[in-house]
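2 protein chains.
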Amino acid sequence: MEIKKVNLESKLQSFNEYWSPRVVGKLNNQLVKIAKFKGNFIMHHHENEDELFFVLNGKLFIELQDKTMELCAGEFVIIPKGVEHRPYAPEEVNVMLFEPETTLNTGNINNNMTKFDLDNI
Amino acid sequence: MEIKKVNLESKLQSFNEYWSPRVVGKLNNQLVKIAKFKGNFIMHHHENEDELFFVLNGKLFIELQDKTMELCAGEFVIIPKGVEHRPYAPEEVNVMLFEPETTLNTGNINNNMTKFDLDNI
Chain V
1 MEIKKVNLES KLQSFNEYWS PRVVGKLNNQ LVKIAKFKGN FIMHHHENED
51 ELFFVLNGKL FIELQDKTME LCAGEFVIIP KGVEHRPYAP EEVNVMLFEP
101 ETTLNTGNIN NNMTKFDLDN I
Chain E
1 MEIKKVNLES KLQSFNEYWS PRVVGKLNNQ LVKIAKFKGN FIMHHHENED
51 ELFFVLNGKL FIELQDKTME LCAGEFVIIP KGVEHRPYAP EEVNVMLFEP
101 ETTLNTGNIN NNMTKFDLDN I
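Taken in sequence, the protein lines are chains V and E. Going by my numbering, the first sequence opens with residue 1, and the numbers climb by one from there. Going by my numbering, the second sequence opens with residue 1, and the numbers climb by one from there.
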């Protein structure tokens with residue numbers, strides 16, 4: 001397999017859909033994803049997977065049970081498995097995610113926001 | 001364990017040593033590290049670990065057996081296990097690394113650049 005670099009800005013320009021992560025890398029059974037968020041997501045947790053949210057630009061809010069976190073570009077947070085969380089973004093935010101291949105975006109919830117087959121871009 | 005966000009810029013300001021990764025996060029038996037590189041590293045490979053280099057600022061070169069890659073801020077590359085690589089940086093570059101907990105910076109080589117016990121910052 002050819003080793004290629006990934007330019008996140010150019011990958012971000014290739015789609016517009018919100019709450020629909022794209023896969024941009026795979027290593028050690030983990031996926032690197034990027035996503036655009038705007039508006040409200042659902043409260044959920046992941047039974048077996050810790051999840052990293054890294055903000056590339058914009059501002060991301062993550063509501064937890066006892067507080068709400070606010071993340072700007074260059075900041076990340078790791079949400080441990082089992083922890084309820086709800087991402088939201090009043091304005092568009094672009095994020096990079098690190099998580100195991102098994103991770104579903106809506107965790108323990110299946111609804112119309114659930115994405116089963118993510119595009120590799 | 002309290003969930004805290006990590007600001008990479010402020011973590012980067014907390015150390016100056018080159019080629020000495022610091023651990024800034026842990027998830028799913030993987031580590032998130034940051035490092036400052038300047039000058040030449042050694043050619044090496046990792047027997048069992050794929051390794052991701054994400055450039056935060058500056059310019060990173062990675063020499064492979066058949067080409068040399070040049071990465072700028074916002075770009076990453078995944079070096080699969082077994083692949084010989086040599087990072088170098090004529091000027092300081094700051095990078096984020098994503099790799100399994102078992103990963104040694106010099107891979108299959110043990111020398112005076114090998115770092116065994118990484119600081120958590």
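These are computed hints drawn from the structure, not numbers from a lab. All of these numbers come straight from a predicted model, not from anything done at the bench. From the three backbone atoms N, C-alpha and C, an ideal C-beta is built for every residue, glycine too. It is possible that part of the hints are untrue.
As the list claims (entries may be wrong) - Stretches of chain E that chain V covers, calculated by requiring three or more beta carbons in the stretch to come under 8 Å of a beta carbon on chain V:
(1) 11 to 23
(2) 34 to 44
To be verified - The calculated lysine to aspartate or glutamate pairs, modelled on EDC-like cross-linking and capped at a C-alpha distance of 16 Å, are:
(3) E:26 to V:75
(4) E:4 to V:47
(5) E:4 to V:63
(6) V:5 to E:2
(7) V:26 to E:2
(8) E:4 to V:84
(9) E:59 to E:84
(10) E:26 to E:117
(11) E:67 to V:84
(12) E:38 to E:117
(13) E:4 to V:2
(14) V:67 to E:2
(15) V:4 to E:2
(16) E:81 to V:84
(17) V:11 to E:84
(18) E:5 to V:66
(19) V:81 to V:47
(20) V:5 to E:75
Structure-based check of all given hints:
{"no.": "1", "hint": "11 to 23", "verdict": "violated (count 0)"}
{"no.": "2", "hint": "34 to 44", "verdict": "violated (count 0)"}
{"no.": "3", "hint": "E:26 to V:75", "verdict": "holds (15 Å)"}
{"no.": "4", "hint": "E:4 to V:47", "verdict": "violated (20 Å)"}
{"no.": "5", "hint": "E:4 to V:63", "verdict": "holds (13 Å)"}
{"no.": "6", "hint": "V:5 to E:2", "verdict": "violated (35 Å)"}
{"no.": "7", "hint": "V:26 to E:2", "verdict": "violated (29 Å)"}
{"no.": "8", "hint": "E:4 to V:84", "verdict": "holds (15 Å)"}
{"no.": "9", "hint": "E:59 to E:84", "verdict": "violated (20 Å)"}
{"no.": "10", "hint": "E:26 to E:117", "verdict": "holds (15 Å)"}
{"no.": "11", "hint": "E:67 to V:84", "verdict": "violated (45 Å)"}
{"no.": "12", "hint": "E:38 to E:117", "verdict": "violated (21 Å)"}
{"no.": "13", "hint": "E:4 to V:2", "verdict": "violated (37 Å)"}
{"no.": "14", "hint": "V:67 to E:2", "verdict": "holds (11 Å)"}
{"no.": "15", "hint": "V:4 to E:2", "verdict": "violated (37 Å)"}
{"no.": "16", "hint": "E:81 to V:84", "verdict": "violated (34 Å)"}
{"no.": "17", "hint": "V:11 to E:84", "verdict": "violated (27 Å)"}
{"no.": "18", "hint": "E:5 to V:66", "verdict": "holds (15 Å)"}
{"no.": "19", "hint": "V:81 to V:47", "verdict": "holds (6 Å)"}
{"no.": "20", "hint": "V:5 to E:75", "verdict": "holds (7 Å)"}
When each numbered hint is compared with the structure, violations occur for hints 1, 2, 4, 6, 7, 9, 11, 12, 13, 15, 16, 17.
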